[in-house]
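Participant: Dock chain B against chain A, hints included.
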Amino acid sequence: MIGTINPVIFCGMIQKGKCATQAFPFFILKLIIAMHNTIAKIREEFDKDYASVDSLDALEELRIKYLGRKGLISEAFNLIAELPAQEKPQFGQNLNRLKVEVEKKYENLLSRFKSSDHSSETIDLTLPGRQPFIGRKHPLVQMADEIKDIFKNLGFGIEDGPEIESDYYNFEALNIPKSHPAREMQDTLYISDEIVLRTHTSPVQIRVMERTQPPIRIIAPGRVYRRDTPDASHSPVFHQVEGLVVGEGVTFADLKGVIEAFAHQMFGKDIKVRFRPSFFPFTEPSAEYDFNCIFCRGKGCRICKNSGWIEISGAGMVHPNVFKAVGYDSEKYTGYAFGMGIDRLAMLRYGINDIRIFFENDLRFLNQF
Amino acid sequence: MKISFNWLKDYIAIEDGPYDLAKKLTESGFEVEEVIPSVQSFSGVVVGRVDSVEKHPDADKLSLCEVFDGEATNRVICGAPNVKKGQLVPFAKLGAVLPQGFKIKKAKIRDVESTGMICSKEELSLEKSSDGIWVLEESLPVGLDFYSHLAKQQDHILEIAITPNRPDCLSFIGIAREVSAITGKEVTLPSAPIKEDKSKPIDSHISIHIHDKEGCPRYAGRVILDVVLSPSPRWMQERLESVGIRPINNIVDITNYVLVEYGHPLHAFDLSEIKGAEIHVRKSDLNEVFITLDGKERHLPTDTVMICDKERAVAIGGIMGGLNSEVSEGTRNILLESAYFKPSRIAQSGRRLGLSTEASQRFERGADPNGVTAAINRAASLISSLAGGRVVSGICDVYPHPIEPARIFFRPQRVNHLLGSDLNQTTILNTLKRLQLDYKDNHIIAPTYRVDLKMEADIIEEVARLVNYSNLPSRKETTIVYELPHQKTDQMLGFLRRMLLELGLTEVLTNSMIREKEAQYFTEEKAVSILNPISDDMTTMRPSLLPGMLMTVSYNLNRHQPNLRFFEIGRIFKQDSNNPLPAQPYALCVVLTGDRSVPTWNTTKEEIDFFDIKGYLESFFRKIFLDNAQIFLYDKSLYLNAKETIAIQIDQQVVGYCGKVKDEVTGIFDLKKPVYAFHLELDDLLPKLMLSRIFEPIPRFPHVEMDFAILVDKKILASQVLKYIKNIGGNLLHNVEIFDIFEGGMNMSADQKSLALRLRFQSKERTLNDTEVNTIFKEIITKTTQEFNATLRK
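Protein chains in written order, with the working numbering: chain A, 1 to 369; chain B, 1 to 794.
The following block holds chain A by itself, in its conformation from the complex (with noise of 0.2 Å):
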């Protein structure tokens, strides 16, 4: 131990100070004495008060004790000036030896007890901490997003169009007119005779079509309406994606393939496409897909009824008269359109198998994704 004084040591100052009897008088001799045993002292009173420290209160008492302006260490300083001159260079250098040995251990106390927090109170650290709200994106738009990621990725851009349409964009354009059967498919909310609630984001289309021209590669996220009382599998609000694709050369084999593609990076890579022929008013030829069964993987499953498949929506080649309408020649392009429903696929991917419950904004609901 650096500055210890041995107390043999001591002794030997001592004898040796008999030789220096004749220098000093006894009672100077005792005082000398005493003053190297308070130093003994002191570090002695130390080093026990030092082992109990436990808090970091008990170590500020142990700084003021020895430290301290009023502490033992300040007070032997002062002491000094009693002694004989000869004597006052030895004693303060060994008194200072004891300050700086005091202090680093105080401060290696201290930074011990800061570092691990060793108050006398213990914290119960398994409280839960003070918590900011956090925000949470609703699961419709999530599954929203990630359908336009993966059309971005393939070369699509994302366009918008009014809820509130017009007879024409709606119906008209689409080849679908006043008489069509087809206006039965979708039971219609009117606004006017000839102003409509979107029955399906395929006006987006037309609106496209109209503002330029091709190539056109699109995606149109948004809120359609249809006029079905609301039960499990139905809403009144709900949210479709249009995609169109216009061009020369453009096939019903990019159509499958860009179908495919989107499937694969959806739910993955085994999950197969069938197409099945069907009619929709606007597309010649016509096509439903379906995708095999997410659940079963296409094994067969409750859910899928053991068909395996699970019907996705519509897509087609562009009918002739649509393009008729937005003026395009279909000798010389060809193009292809679907749809799928934004609601349907969240329904699939979470497993949720009421519709109704992405409208009611549950906070138990939206906090689940």
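No lab work stands behind these hints: they were computed from the structure.
Calculated cross-link-like contacts (lysine-lysine; reagent style DSSO-like; alpha-carbon spacing at most 27 Å): (1) 643/B <-> 605/B; (2) 137/A <-> 614/B; (3) 48/A <-> 114/A; (4) 454/B <-> 324/A; (5) 299/A <-> 476/B; (6) 332/A <-> 440/B; (7) 152/A <-> 623/B; (8) 305/A <-> 2/B; (9) 24/B <-> 272/A; (10) 332/A <-> 454/B; (11) 476/B <-> 148/A; (12) 178/A <-> 213/B; (13) 723/B <-> 794/B; (14) 178/A <-> 283/B; (15) 488/B <-> 137/A; (16) 103/B <-> 305/A; (17) 305/A <-> 269/A; (18) 476/B <-> 332/A; (19) 185/B <-> 152/B; (20) 623/B <-> 137/A; (21) 643/B <-> 517/B; (22) 688/B <-> 137/A; (23) 673/B <-> 636/B; (24) 688/B <-> 726/B; (25) 723/B <-> 783/B; (26) 152/A <-> 476/B; (27) 23/B <-> 272/A; (28) 178/A <-> 454/B.
Facilitator: Relative to chain A, chain B alone:
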């Protein structure tokens, strides 16, 4: 459309089983939604004989029966009123399993043991509900396994979703033609032998005159005399029932039978009710009223095709017959109608009448004008053989302008051009031939029943669906055009959404259709309303996002979710007299209610107030770098509390409001807690955003902060003081903020408040010295105290 698998075999040989056929039909465009076996599987049921029937000693309505099952006699309790000694019945022995999975076990009913069950048709899933047990034919051997007995007559019903473009397939023959196209087997049409009574020609019984040639291009009639009305034979009743048609009498059943067989609607009149023995087809008169055979009075829309006799209307053409001329018990002579009506006219009248029938559904989608004769002959043949009638010789057929098969320009190579396939011409033309589509002189000749075939693309689809979509190629790559024009809207809304999420708000999506009563609170104009709303709570297009969000808040509070911080981005709707469509700008709304912080053990519970919502507004503006928004006090809001509302203005244009929702408004949503909200119109806001950022060097020299406090009149707004100081502060004044405010202190009068201000001085070029800062600081204090008649606090 329900198709009986066994019945379908009358028209085409089918090698596949019902499930395989269903798969093939689905893949060629006729989606079979369900295959339903007519007999569902069960076991342990045998033909039993009822040997004795006694009353249950302890229950009036129950009988105690002894049933012999071929091996043993069982004591059974039966609740059916029709059980009698000697009957043969389907008897479920102990351990039998019925179609619904119900297992027969020993049971005790009022202390009497029952070992087995006598079954009704309902219990064997053969009908929806039964009145009593099923009494079997006496010829059946006792002990016969009943399931194997029934399974011999097993049929399967294919529930097919027919797309509206294929009315020809709303029939067995239509489906048979499709099966033929898939399998290559020939269709056999039903034979219709008619022994005509040549004593008097048809013209002496009826004459037909078409006045509305556009609405009715063809009208044909046959007369059948001396029919005997009775129930139709069992096989016909069973067939009709199997496809969901209720048997009525032989005449009606035959017209229905031919309807589902050929897909061509027929109508039978009681000839004696046809006055003058004349049929006139004309348009409805103005305000004409007619009673249809269902006894309902119909107000006829204009341009309805009416079938009339010499004096009056007798049927609504193609939709429904009249009560005055329907076939009834006393009917002896019949006029059978087979006509063709223009689809759009039937569709229009049907819609206006709100009437959709088996007939109108087929006519409005398109019947076959050249199928009129086959259908009427088949019906006449059936009537003569099943209802004993004499068919008068000849058809009275008025068809002034026969409709020719369509000639459709077709280039076989266009098939591959559109499909991306590699089919050779022979395959293409052979495929079309299987559908009776002949290729001649670059044209396809399409039979008149194929109303859906109009152009080349239609023919290409025919090839594609028969080749099978699954066999068509799928391309794995394409050329992408680098620069396509596209809208920025989605990107911008996505950015705003991200910023709101980062502020810790949760996104909701609410219905855009709300109650009119609710909408009224959020707009001064009349909201956009729906002509044919689904229900009272969805009559009006939301003029603001707030009503939907308040509903959401209410929904959650009622479910004990007290702390809510929601936002929504969506369209709102307003009348717009300058444009054909209503205005439908995007809006953004934030609502808060509940506690200031997430409640935990170490936070104090404090309710939010105005400054929480304003804080969100300000933070949101900081996040989107909107630094030129100004606010002013606003006390005219319809839905926000006059004393706690600010309007937000950018470039002199109001873009939204922020404040506390009025109690009156929260009241209509049953909200008892205060709700704070802000609502911004994004179409106004988005163009103001400056999202392209340019780096501004971080100050290299230290700033100096100096504080002072003044006593001012309470009415003076903080914003006024801040704005004034910023104006006069000079270019070294970098920022000024209020860091303390209080009222009612010592040496203050009641109408005073203390504002403590912190000024920050900063130069981009150098370190400021105390003297210059002090000079500016003192000058600011002097001017400010003068301007606001304030006193400096020491």
